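Asker: Sequence:
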Amino acid sequence: MIAAAIPFAAPALAHDAKPTAAMPQGWSYPFSCCSGYDCREVSQTSISERPEGYVIKGTGEVVAYSDKRIKNSPDGEYHWCSVAGANDGKTICLFVPPSSY
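Each residue of the sequence shown is one higher than the last, beginning at 8 in my numbering.
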């Protein structure tokens, strides 16, 4: 598996998500999720929804829908926080857009 092929956005400033149309001023990642470099916005194609939960495509990790690491995304985009910000790191938090159903 090639982790470099995962389409991640450029890292944001420490604890801050980049501004979007939905959140022009940006927003801050909670300290429980981010140590200044653990979190970043990821493309919608990096995460898939399966019956068992959200799947982080780059690692194959499954995060159950009931898992407390799942957070609502203030800007409607996916944001993934992993240990040391590594593309192959374990999930600390996963910010998900609101469900369409």
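No lab work stands behind these hints, which were simulated from the structure alone. Quick caveat, the model's predicted, so the values are computed rather than measured. Glycine is no exception: its CB is placed at the ideal position from the N, C-alpha and C atoms. Please note: incorrect hints may appear among the correct ones.
Label pairs and their in silico Cβ distance ranges [said to hold, decoys possible]:
id: 1; residue 1: 91; residue 2: 58; range: 12 to 20 Å
id: 2; residue 1: 32; residue 2: 67; range: 33 to 41 Å
id: 3; residue 1: 38; residue 2: 58; range: 31 to 39 Å
Asker: Determine for every hint whether it applies to the structure shown.
Answerer: Hint check:
Checked against the hint of 12 to 20 Å, the pair residue 91 and residue 58 fails, with Cβ atoms roughly 30 Å apart. The beta-carbon spacing between residue 32 and residue 67, approximately 35 Å, falls within the hinted interval of 33 to 41 Å. The given range of 31 to 39 Å is respected by residue 38 and residue 58, whose C-beta atoms sit roughly 32 Å from each other.
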